[in-house]
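Engineer: Combine both chains into one complex, guided by the hints.
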Amino acid sequence: MKLLRDCPLLVGIGTTAIILSVISFAFKDTAYADVGSGDEGPDEPAIARVFKAASMGIYPWTTGEEPDESLSTEEIPPEEESEPGDGASNESSPEEVQQEDADISGNSSFDLSGNDGTFDVSGNSAEDEVYEFTDVDDDYFTDALFIGDSRTVGLSEYCEALDTRATFYAKVSLTIYDCMTKDFIKTDDGKMNLEEALTKQQYGKIYIMLGINEIGTGNEEYFKNAYSEVIDKIRELQPDAIIYIQGIMHVTKAKSSVDKFFNNGNIDARNAAIAELADNHDIFYIDMNEAVDDGEGNLDDSLTFDDVHLKASSYERWHEFLLHNGIIR
Amino acid sequence: MINFSDLNFIFRFLPVFVIAFYLTPSRFRTWTLLLGSLLFYAVGDLRMVPALAGAVIVNFLFARTQSGEKSRSMLIFIVLIDALMLVEFKILGQYVDSSLLPVGISFYIFKMISYQADVYRDRVKADAAFKDVAAYFCMFPQLVSGPIMRFEDYEKNKMLTDTEGKAGHASGRKKLRGILVALEDGLLYFVAGLAMKVLLADHLAMLWKEIGTIGYESISTPLAWLGAVTYSLELYFDFWGYSLMAAGVGIMLGFPFVLNFDHPYGSGSVSEFYRRWHVTLGSWFRDYIYIPMGGSRKGEGRTFLNLLVVWLVTGFWHGVNLNFILWGLVLFAIIVCEKYLVFRFLPRKIGRFIGHFNVLVLIPLTWVIFAISDRFMLAEYFARLFPFFGTGIAVNDADVIKKLSVYWSVLLPGLILLIPGVFKFWENHRRHVAFTIIWFFLFWACIFSLSNASGNPFMYFKF
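Chains as they are written, first to last, in the numbering used here: chain D, 1 to 329; chain E, 330 to 792.
Treat the hints with caution; some may be incorrect.
For lysine-lysine, the following BS3-like pairs were computed, each having C-alpha atoms within a straight-line distance of at most 27 Å [stated by the list, open to error]:
1. Lys-731(E) x Lys-191(D)
2. Lys-538(E) x Lys-253(D)
3. Lys-668(E) x Lys-255(D)
4. Lys-2(D) x Lys-668(E)
5. Lys-731(E) x Lys-182(D)
6. Lys-171(D) x Lys-731(E)
7. Lys-171(D) x Lys-485(E)
8. Lys-504(E) x Lys-538(E)
9. Lys-2(D) x Lys-503(E)
10. Lys-260(D) x Lys-538(E)
11. Lys-627(E) x Lys-2(D)
Distance windows between CB atoms, simulated [claimed, not checked]:
12. Trp-61(D) x His-758(E): 31 to 41 Å
13. Ser-257(D) x Ala-371(E): 22 to 32 Å
14. Asp-294(D) x Ser-738(E): 32 to 42 Å
15. Met-535(E) x Arg-329(D): 38 to 48 Å
16. Ala-662(E) x Tyr-59(D): 50 to 60 Å
17. Trp-61(D) x Ser-738(E): 25 to 35 Å
18. Arg-341(E) x Pro-60(D): 19 to 29 Å
19. Glu-629(E) x Thr-16(D): 57 to 67 Å
20. Ile-405(E) x Asp-293(D): 50 to 60 Å
21. Lys-200(D) x Asn-757(E): 56 to 66 Å
22. Ser-428(E) x Asp-294(D): 35 to 45 Å
23. Arg-704(E) x Thr-164(D): 33 to 43 Å
24. Val-172(D) x Ile-620(E): 47 to 57 Å
25. Tyr-59(D) x Ala-708(E): 44 to 54 Å
Just so you know, the hints here were simulated from the structure itself, not pulled from any lab data.
C-beta: ideal position from N, C-alpha, C; glycine also.
If we strip away everything but chain E, and leave its shape as in the complex, we get (with noise of 0.2 Å):
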């Protein structure tokens, strides 16, 4: 149920928790989305609710004494206990069990570290009601895989405050409507994600699953390219996905649309690229760890550095395996290049050109490196990939054709995504007629591929 894509999520968490939302009187909104935040979680990964309980009183407690005068050591001190807690359980959930790992900490540790950080610089108030800081933590439809939100925008949400119904004197129904508008305008974003999620990102898991079960050393080449596509198309629409459904369920619930994923695709540079990716993740290893660091202001070597630091922190948070730290440092060299020799010395249209380049060509390749987690493997892949080493063992060179045979399908529309005009399209008009249309089919098509791959191996698993 803690996925955004389960049913029971769906058809009964979802619609029970935004009636309950919209029943309870305003003032006391903000309880019924931390006590459903908290049943949600609960339901999820009972056992490291406690986890979660404890480290939303610590940090709450911390921001508070900062209400004050700020204290600077304050600071680095519970930022240390936020960032020791999730290293710690990060290390136990690699080498002792990975179900010791609990659900979501990296986001909720981020959130956290990020409201210190803006109590801090009188980002936000440092009296923030408990309420609202534990919900703001704990919050259902972030708590899984982000978006990291930032503190200032929960509480632009109009619906957990009672003020506006004192003040302008709103008539019920015009609330209603406004609830009734909110509530369409996320399902809207709900239904593209999921559909993104189940219609795309699950079917390519399936193409990239079939590529590993002919064995990396058996792939042609032009197979193995389009291996790296299918793989780079699948993290993208999932995690795409999963962040429209995380806003449209928020938007659902009063809160302003958070954009996570910006169109990467369309970058010039890959630098720019993971601005554009996983945009509040990015954002949040600027805002407190680069900048902080002292970013680009402290000379080319300090800039370098920070650079390394940053990009290995990110491979290291992935997993503490060879193939992340490598994923981090090839990433961390690209960048490098663009920074200090294409974007430098070369002409710019040349420089667009290579910047183009590399987002379209180098990061799926970065890609690989991220999914497959043997080395020997992943050398055996690479080997496919530029097989200027000797040739594969039983290759089928008609393997290609016969994958896209079955899966263009997926593939196409994949890449059509990837346009951004696309996107942006179909949200200026999104509440088009054809669109609901459309958008009603594409909800209960994804309904019909999750009811038969859920709990029925022999629909789901075809050998």
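Chain D on its own, in the form it takes in the complex (with noise of 0.2 Å):
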């Protein structure tokens, strides 16, 4: 007892911290399997592994069947499970990820891209037209709706003809997998989810840039299933909008040529993927990366300071891609 009346701080955090580690290894395999550690960072104390699974909202009494709460159907899979050539991860957790593919592809996505496929569009269905990109004005947006994340974000804080005509439904870091269900829409009484707020009313445009926060999460096909059930719903809950799937907003030359996740060539695989989502009858891709472009396929660095989101005065590039890119029916 003098001990502790001596140094209570030391004994406090010691046997904290060796309590922790302890549950830390001693959950490693069961409630914590799927909290990633030692994989980014190549060493850390185990001690990590608990703080990281509490942000997840995983705990050690968490069992492993339960589903995240984001997840309506099925689980996302783990940020290192999906890229391929790290050897860190178990054996099963693969095998998982290719089940779930599997999974999805069955029960929806395979109908639709049965008969989106680009060219099919035309020769199919000698009713649908098909109708091609046109200049707009402002007032094009009055019903629109735009979804995304924080580069979203800065397009309704700093394109004012935007902002004061269109409906902006974004949040930081919202992701593809979790955008319909996370309660992000401020109401007068708390926060609503995006699928509760497109019950509630109609838009005649709905555009959607997401995808660059889950780069690391899943390979294309994965992102693009998910995209695909998401553009489901809207059309389901919506179905005299015209969707715009925007492709995902390059990086910098910098920024692509170093980092292993958020580089161009993984953002150019997955909007290649959701391209395909596209009918060009009322779902239209667009890109506004040749808006933004430095002749090589990156975000050109003058546009912006974090080498991913546009800085203020270059959000009007994007405003006038949307102007010249318009489909009127």
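Structural biologist: Right, dumping it as structure tokens:
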């Protein structure tokens, strides 16, 4: 007890550290099996795992099967497992991922991909008109909805013409996996999720740009399937809206050339995948990268400070691009 | 690991080292400290261990030559060698490759120069043992960014000497108690510093970065000022936090507390600010550059020149870049104005008011100069701070409200901690049970934050 009186903090921190380390080891393969550790940072004290897990809502008493609250249908494969070439993860996990992928494609998107191939559209359905992108004016956006992550948040903050006309349901770190179920839209009495918001009001156009935050999660196919589900849901709730799938904006060369995940190769692969979801009838794919390109397929570094986001003064390029690429039916 | 706010340092190196240190019989503890420090350095910068070791040996040998009659030329020679080594590596690091700049070189070179000068002036004895001199130069709590402790303070460490055990007949129990008390006190300071660094500085850094993301040409004027405050606070808590962690580790090993930040924002003038900001560096400049050059004793013209030299050197030391030179010159200009105009001609009350104004308003503006290395961007930033010449591009006037609504929880504690009495109150009551409990939770809050920031880009970079 004298020890506790002389150095209470030392004893407190010391014992807690030992207990947490023991917990970390004890639940390494059960509750914490999906918590990444030692993949990016080569070596870390075991204790870090407990805190990483806690921030993901995983505790020692969390059972393995319990789905994460943000996911309605299937589990997102944890980041580490998705990247090929990292032999660190358990053997079982890649199989799981593949199974899930198979499930999804079997369920829903197979049908879609069967008749949404770009050349199919015109041939298959004679009554379907093919539309072309034309110039529109700002009033085009009065019944538009923008869904996106921090980049779209920036568009709302620094493009007055759009912000005053369109609706923005955008949030920092939003992903295609959680955009439907996450309660991020403020209402008079609390918050609601996108699905709910889409039942309350009908929009003429819906613009989506998502995909940079989840670039380390899953592969293109997995991403595309999740994207496809979101599109289906929006279609169901908003039958008359024109849906614009916006290609993910690039990062700069400086970022792309050093980052294992956030690079333009990954972005292009995903853009190619989601471009296939367009039917050119009421779902269109547009890619604003041409408006901010440095000539080599990267984000022009004079338009950004942090290599990922446009500077406030650069959002006008995105706006201009949208003005030149509208669909009028 | 070379960073105190690194989980590997906190949970691996530090506890293992402390246990090893105290398990070593006190006669050999200096060796444990030296070897542990070299290991620490090798983990961070293996290639540059020879540079450190070479500098240690050369400086030890030169100091030994002063044990008989003091030779001024010998002192000048070794100080020049040290200074040249620093300049050379600084230039290599700046113009060739930043990895060529050895970690902590400024700080160990400063310690070496101070040691040589102190030996020459008989402030410390010239025949100190190699293990002591080497451990003093290399000790890991100060190796990376100071504080620049003096050798006389190093020698105050009772844990490193075996005299106490023999003479005092202190029982093993009593000794153990002394160690535990030192560990506890060091830990208290360490956690205080860790919280400043992790919970305040690192989060303020995110706000500063977000302001950059918007682009300086597009921030509202209130946000530009908030940015100046943010960056000033970030720098302060980053460095004060680091210094407290370093001091805390030092205390754990038996060294006296080294004061490096003495509530600078409570100062009544800019020159006082720099006596209380990074105290060990300031006093190093004073004792080993300013005073040897004559200080303020050789007339006003010479004082003026000496001040100019000190501030130019300070600017260059931060980097060979226009903004650092400008930063040094602006500070020089403010200090000269204070010294020769404000405090000389104005009534005392008004002078004091201006002095506080300079510290609280002009200092943050000088930090903006310090922060932005691109001169066009710097000009843009100042155009937004003082929007007399036209307006910005795509400015959203509500930006400051948005940032405040997110970051008030770090800005407010940061501002409160600027009041000198707040920290002093904690220092005086730091063993109180209420603070112990708060510190316990602060520590684990830091670890939570660190666990989720490190090695996990997806948690840290949210777009």
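Engineer: Given a hinted range of 19 to 29 Å, is it respected by the beta-carbon distance of Arg-341(E) and Pro-60(D)?
Structural biologist: 23 Å, holds
Engineer: That 47 to 57 Å hint for Val-172(D) and Ile-620(E) (C-beta), does it hold up?
Structural biologist: Given a distance of about 53 Å, which is inside 47 to 57 Å, the answer is holds.
Engineer: May I ask you to test the hint 38 to 48 Å on the CB atoms belonging to Met-535(E) and Arg-329(D)?
Structural biologist: 44 Å, holds
Engineer: Lying within 25 to 35 Å: is that true of the beta-carbon distance Trp-61(D) to Ser-738(E)?
Structural biologist: Given a distance of about 30 Å, which is inside 25 to 35 Å, the answer is holds.
Engineer: Does the Cβ distance between Asp-294(D) and Ser-738(E) fall inside 32 to 42 Å?
Structural biologist: Distance hint for Asp-294(D), Ser-738(E) holds at roughly 38 Å.
Engineer: Per the hint of 35 to 45 Å, is the separation of the Cβ atoms of Ser-428(E) and Asp-294(D) within bounds?
Structural biologist: About 27 Å separates the Cβ atoms of Ser-428(E) and Asp-294(D), which means 35 to 45 Å is violated.
Engineer: Run the distance test for Lys-2(D) versus Lys-503(E): straight-line Cα separation, threshold 27 Å.
Structural biologist: Holds. Lys-2(D) to Lys-503(E) sits at ~12 Å (cutoff 27 Å).
Engineer: Hey, Lys-627(E) versus Lys-2(D), does the alpha-carbon distance stay inside 27 Å?
Structural biologist: It is violated: about 59 Å lies between the C-alpha atoms, which goes past 27 Å.
Engineer: Run the distance test for Lys-504(E) versus Lys-538(E): straight-line Cα separation, threshold 27 Å.
Structural biologist: Violated, at about 49 Å.
Engineer: Does 22 to 32 Å hold as the CB distance between Ser-257(D) and Ala-371(E), or does it fail?
Structural biologist: The hinted range 22 to 32 Å holds for Ser-257(D) and Ala-371(E), with Cβ atoms some 30 Å apart.
Engineer: Is Lys-2(D) within 27 Å of Lys-668(E), Cα to Cα?
Structural biologist: 55 Å, violated
Engineer: Holds or violated: are the alpha carbons of Lys-260(D) and Lys-538(E) at most 27 Å from each other?
Structural biologist: This hinted pair holds, its Cα atoms lying about 22 Å apart.
Violated hints, listed in ascending order, are 3, 4, 7, 8, 11 and 22; each of the other numbered hints is respected by the structure.
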